[in-house]
Structures are given as C-alpha cells and as structure tokens.
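Number of protein chains: 4
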Amino acid sequence: MSVDGMRTFGELQERLQHFVDEREWSRFHSPKNLTMALTGEVGELVEHFQWLDGKASEALEPETREAVRRELADVQIYLMLLAGRLDMDLLEAVDDKIDENEGKYPADKARGRSDKYTNL
Amino acid sequence: MSVDGMRTFGELQERLQHFVDEREWSRFHSPKNLTMALTGEVGELVEHFQWLDGKASEALEPETREAVRRELADVQIYLMLLAGRLDMDLLEAVDDKIDENEGKYPADKARGRSDKYTNL
Amino acid sequence: MSVDGMRTFGELQERLQHFVDEREWSRFHSPKNLTMALTGEVGELVEHFQWLDGKASEALEPETREAVRRELADVQIYLMLLAGRLDMDLLEAVDDKIDENEGKYPADKARGRSDKYTNL
Amino acid sequence: MSVDGMRTFGELQERLQHFVDEREWSRFHSPKNLTMALTGEVGELVEHFQWLDGKASEALEPETREAVRRELADVQIYLMLLAGRLDMDLLEAVDDKIDENEGKYPADKARGRSDKYTNL
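Protein chains in written order, with UniProt numbering: chain A, 1 to 120; chain B, 1 to 120; chain C, 1 to 120; chain D, 1 to 120.
It is worth saying that the hints were derived from the structure and are not from the lab. One or more hints might be untrue.
One copy or any two copies: either way a pair holds, since identical chains are not told apart in the list.
Stated by the list, open to error - Computed cross-link-like contacts, DSSO-like style, restricted to lysine-lysine with a CA-CA straight-line distance of at most 27 Å:
hint : residue 1 : residue 2
1    : Lys-116   : Lys-55
2    : Lys-97    : Lys-116
3    : Lys-116   : Lys-104
4    : Lys-109   : Lys-97
5    : Lys-104   : Lys-55
Predicted, not measured: the structure shown is a model, and the values here were computed from it.
Start from the sequences and build out the full structure, keeping to the hints where you can.
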C-alpha cells in the first residue's frame, strides 16, 4: 500500500486477479469475452447520462452520482482484467499514448478545437 | 514518479489534465460528452475482436496486438478524464467495488459459474 | 418490391442474406459475433455526436450527415443479420415492445418526463 | 397493414412517432440523446452474450432468447426514432449501403474471409 493507506493501481490489479482466481472465473475471461463485458458496463454508464444535457451531467443528483461511481468502477475493473489477460501494462500504454497525442495535437493548432488531428 | 521511473496512476491523471488544459479542451469535456467518447473508443476496441473466437483472442497477431494496446490506452484515458471531471477517485471506487463483489459473489458459491449474483 | 420501387424490410433482409451467402460469411456470423459487430458500428455512430451539443446534433453539416446515414445503415444491417440468424422477426418484436411500453408508460403519467417506468 | 395483418416498417415508425408525441418525449430526443439511448440498449443486448461461446450463442435458453428478442426490439426502436428525427430513410440507406458493399467486397475476393475490404 502507498503511504496514505490507499491501494495503488498495481495492488488493485493483484487484488482483482486474486478475486478472479479464487472463483475460477479465468475460464470465462478470454480477451473477447472481457471486451464484451466492458461494453456492457459502458452501456450501463451511458444510461445515466442519456437524457441529461451537458450542464446537468456536471451536477448529478447524489443517487445518480453514486450509481455512476459504481459503473466507473466496473468499467475500470474489466479494463484492468483485459489488460492483465493480454499481459499489457495499461499505465505504460497510457503514457505512450499521451506522447503520441502530443505529436498529433500540437497545443497551438489544437487549442479550443474538437477536430480530429487529420483536420488540424 | 515511482522508483522504477514509471508514472503512477495519479501522475498520469495529472499529465492528462495538463494536456487537456493546454489545448483548452475542457469546454468539450462535460461528463456526458466524455461518456460518449469512451463509448466510441470501446467500439474501436471491440472491432478487433469481433470475428475472432475466444482462443484466437488470446493470441493476437503482433499488429493487432499493438492496435489493441493503443485502444486500451484510449479507453483508460477517457475513463480517467471522466472520473477527474466528476471529481471521483477511480482507484478508491474500484477498491470499494471489489469489497462489494466479495459479498455478492462468495467464493464457494460462485466458483466456476458465470451466473449473476442474483442467481447464486 | 413495393409500389414505389423501394425495397421492403423483408426484401432487404433477403438481399442481405444473399450477399452474405455469396461470400460464405455465415461461418463468422454467430449471434455473439454479430452482437460485437453491431457494437462496433454503434461506436462509430457515436463518434459523430460526441462533441456536439443537442442542438448542433439536429443540424449536422452535410458531410457529417452523409457519414451518419451510412453508420445508421451499418447498424441496421447488423441488426437485421442478427435477427435473421436468431430466426426472430424484428418488426413483430418491435410491435410487441410498443404494446408493452404502452402499458408501462401510460401517456398521462409519462407526459414530458424521462423517468424510468419504475419511477412513474 | 400488409396483407397478413403484420405492420410494415413504415407503419411501425408511425406508431412509434405517435407513441412519443402522446408522451411529449420529443424534447428529450435530440439525435445526440437518441444515439446514447441506442448505445445503452446495445449494451444490454451484449450482456446476454458475453460469457457464451459462439456455439452457445446459437442455441439460447428460452428465457434468454425472449430477453434477447426484447433487447433487439429496443435497439430497433431507437434506431427508427433516430432515423426519423434526422429525417433519413433507413431502408433506403441500407439498400444504398449494400450496393456500396457489393463494390467493396467482390464475392470472388471476399469469399470465406473476414478481412476489411482494404486488405482484400
């Protein structure tokens, strides 16, 4: 654990792996299946936002907020399991992707625009 | 940075926030919009797996593997941005969700079964 | 064909089936895989709307509009193929679902509200 | 209605529009929001297939089969509403897309292959 008692990303991945192993669920966890499970959780997350406008989505009711927090956790969990199953380092992949995006979206060209880099 | 030179989860979230701020993209990043962006990235991830069977999804071609790694990063990035925008601690949410799942899926009842907890 | 020369829903399903058979693609088209393909197409559709607000999504640029139209077609195509593979009549399923929704969402209670029927 | 008493695609779209109008729901139905609702329904559909292998997905348990049929209807309903809101003819779009795919995937080159047309 880190100094403040919170688990790190790596510790959570280990905790998850232990949880899955204890239940012998790895037989269900092909990357294909985990990708589908990830999709399902994202679908549940989206349902909380579909009828809200952008502004309302910033200020969720407490009950919705708690439900959203639990859906975010589910999405993160399947993402960790998927990366683990594929033996990929998620944080390293993110770091590399930000490097790449810094090249594709130079700050001075991309400022205030939502265009794809191919249109900058 | 951690001892081995890799960025931690929190450091990556800060790096992302800096990246977004520099480009003045936060105006586009309502939770609603970020949820949609997350969905789009998951859709791109799924496309790599849709015609593979479970076994083939374990042993990706190098080119597909690299593409999948980059999609995983994109999903993780939008998830971090969404949690950040909602001012939620993703890792804490995951930790809490595993606690909850330990209660819902006791190892001795859930072993080797993919049923929902309501059917255990 | 119908009187005005347009193909009916059933004729399009037949046309699609013929297209698939000619290419011997049915081996890839398990319901599981078709569901994933459907997800992927929905993800592509979502990407066109993610940074627009509700109002802008009503008045798409001509180029976006054409792209959206083609994504809608892809979603419809996989939905038809999936229903066909499962030997289900999509139109009948829709008709039944509207019947059901009329019971769950009485017009006088549901008017102007986006709540789930369980909250009406 | 058609000869056999079943509603046609166009009649179902009209029935749906009437259902929505009676409840004054069109205020929620921007294309952006309908796209999200579509995503949510696809997520629910996917959940029925995520732990099944391809073969099992062909032979659903009766209860799952009925649930899947209702999810297919929900996906079709939001797709119809979205096309209606955008004033697009879904069936015509499908017909045009099949024309296009016939060009991109010549039967003799695409036979038995799941590759994207750019790789044929």
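Evaluated hints:
Taking the closest pair of Cα atoms, Lys-116 and Lys-55 come within 27 Å of each other both inside a single copy (24 Å) and across two copies (21 Å). Proximity of Lys-97 and Lys-116 under a CA criterion of 27 Å is satisfied in both settings, with 15 Å inside one chain copy and 25 Å between copies. Taking CA atoms no more than 27 Å apart as the test, Lys-116 paired with Lys-104 passes in both settings, with 9 Å inside one copy and 25 Å between copies. Proximity of Lys-109 to Lys-97 under the C-alpha cut-off of 27 Å is restricted to the intra-copy arrangement: shortest distance 19 Å within a copy versus 36 Å between copies.
In this assembly of identical chains, Lys-104 and Lys-55 lie within 27 Å of each other by CA distance neither inside one copy nor across copies; the values are 29 Å within and 29 Å between.
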